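K.L.:
Given next are the chains, with one letter for each unit.
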Amino acid sequence: MMNNYLVFRLSERIFGVRLQGAIEILPWRRTRPVPLAYSYVEGVMDYRGTLYPVFQISQLLGLSRPGPIGFTAPDEQPPKGKSIILLQEGKWPFGISVDSVVKMSVLQDPEGQAQAVKGMNMQFVKGMQYEEDQEIILISFERLFHAG
Amino acid sequence: MDEQNRFLIVSLEGEHFALPIANLAEITVPRAVRQDANLSALFEGMMEYRGTMIPVADLKKILKIPGRTGRSLLVMKNTKGTLGFLVDTATELLTSAEAPAPLPRGLISGSQKTYAGILRSREDLVLLLNVDGLLT
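Chains as they are written, first to last, in my numbering: chain G, 1 to 148; chain R, 1 to 136.
The following block holds chain G by itself, in its conformation from the complex (with noise of 0.2 angstroms):
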């Protein structure tokens, strides 16, 4: 089935998640640090009264070392482009930090099992797809809210 994604750079490879329901792409901006949190949570941010946990995606997907649990302010300047993505997985709002924001694409859905990324946590990881050779991974964050 064809779908709309998001697609976005984040550690030189390219992600697309799937668009379902509400999303919003904001400027990144610092999000308040909570200490003793997941090594991947960046912080908590208040947007139009909805509060939502923005998580480090490069440490969740394993292309960053994990940082110490406790508190981990993120940097003040980061990257130009770097945007925070606002996301909602069943009734659950969060957001992600990514390096930029690419494009939107209507790609085919990822089926059958994804084959193994190497340096990357497979369990976010729902397969590959391919436009304009540049190969695209594709990610859900089906798993995400289940160990909390």
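Simulated from the structure, these hints should not be mistaken for laboratory data. Predicted, not measured: the structure shown is a model, and the values here were computed from it. For glycine and all other residues, C-beta sits at the position ideal for the given N, C-alpha and C. Be careful, since some hints might not be right.
[To be verified] Within a straight-line C-alpha distance of at most 20 angstroms, the following computed SDA-like cross-link-like pairs (lysine to any residue) qualify: (1) R/K113 / G/Y38; (2) R/K61 / G/L36; (3) R/K61 / G/K91; (4) R/K61 / G/R32; (5) G/K91 / R/I62; (6) R/K64 / G/P33; (7) G/K91 / R/P102; (8) R/K113 / G/S58; (9) R/K113 / G/P33; (10) R/K113 / G/L36; (11) R/K61 / G/F145; (12) R/K113 / G/M2.
[Said to hold, decoys possible] Interface residues of chain G toward chain R, partial, derived using beta-carbon atoms under 10 angstroms: (13) A37; (14) T50; (15) Y52; (16) P53; (17) I85; (18) K91; (19) L144; (20) F145.
Using the hints, position chain R against chain G.
P.N.:
For chain R alone, coordinates are given in the frame of chain G:
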């Protein structure tokens, strides 16, 4: 205004946290805190407070916030008794018309009892500490 809606805002390395006024006995300075080998590493020691020895803990150490030990002492009461928490400064009293919002799912392990919610103060989000859950 109901005490349940009033909070003391404290600063730890520039970040603000809230504690319920209902649990606060006094804001003072730590005096003659004696180390006690029977206490966990989270505690600085014991201190005499109004004729009773109370344990004194560094709130930054509990929250794993790097930095120097706080110079201001909050004497708090929880369900287990009276204890002291060291903070950098107590900055203000916040009266909130809204109840604290629950922490959004996905931030912290469900077994952590550190926080009682989040308060909105002007443009800031302030984490409300759970006085009964900080040392569990």
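K.L.:
Work down the list of hints and note, for each, if the structure agrees.
P.N.:
Outcome of the hint check:
Pair hint R/K113 plus G/Y38 holds up; C-alpha atoms about 14 angstroms apart against a cutoff of 20 angstroms. Of the supplied pair hints, the one linking R/K61 and G/L36 holds, its CA atoms being roughly 11 angstroms apart against a limit of 20 angstroms. For the hint linking R/K61 to G/K91, the alpha-carbon distance of about 34 angstroms lies beyond 20 angstroms, and the restraint is violated. Of the pairs offered as hints, the one joining R/K61 and G/R32 holds, with about 19 angstroms between alpha carbons and a cut-off of 20 angstroms not exceeded.
Distance hint between G/K91 and R/I62 is unfulfilled; the C-alpha atoms sit about 32 angstroms from each other, more than 20 angstroms. Restraint check for R/K64 and G/P33: the C-alpha separation of about 12 angstroms stays at or below 20 angstroms, so the hint holds. Note on G/K91 and R/P102: the hinted pairing holds, with a Cα-Cα distance of about 15 angstroms set against a maximum of 20 angstroms. Between R/K113 and G/S58 the CA atoms are separated by roughly 27 angstroms; this puts the pair beyond 20 angstroms, and the hint is violated.
Between the alpha carbons of R/K113 and G/P33 the distance comes to roughly 17 angstroms, so the proposed pair stays at or under 20 angstroms and holds. Between R/K113 and G/L36, the direct Cα distance comes to roughly 10 angstroms. Compliance with the 20 angstroms bound is thereby established for this hinted pair. Of the supplied pair hints, the one linking R/K61 and G/F145 is violated, its CA atoms being roughly 28 angstroms apart against a limit of 20 angstroms. Proximity of R/K113 to G/M2 is assessed by CA-CA distance (about 43 angstroms); at most 20 angstroms being required, the pair is judged violated.
A least Cβ separation of about 5 angstroms between G/A37 and chain R falls short of the 10 angstroms threshold, and the interface hint therefore holds. For the restraint placing G/T50 at the interface with chain R, the shortest Cβ-Cβ distance is roughly 8 angstroms, inside the 10 angstroms limit, so the hint holds. At about 6 angstroms, the closest approach between the beta carbon of G/Y52 and any beta carbon in chain R falls short of 10 angstroms, and the interface hint on this residue holds. The beta carbon of G/P53 is positioned within 10 angstroms of a beta carbon in chain R (closest approach about 5 angstroms), and the interface hint is therefore held.
Look at G/I85: its Cβ only gets to about 15 angstroms from chain R, farther than 10 angstroms, so that hint breaks. The criterion of a C-beta within 10 angstroms of any C-beta in chain R is met by G/K91, whose closest approach is roughly 9 angstroms, and the hint holds. With a least beta-carbon distance of about 6 angstroms to chain R, the hint placing G/L144 at the interface is held under the 10 angstroms criterion. Here the hint on G/F145 is kept, as its CB sits about 5 angstroms from the closest CB of chain R, short of 10 angstroms.
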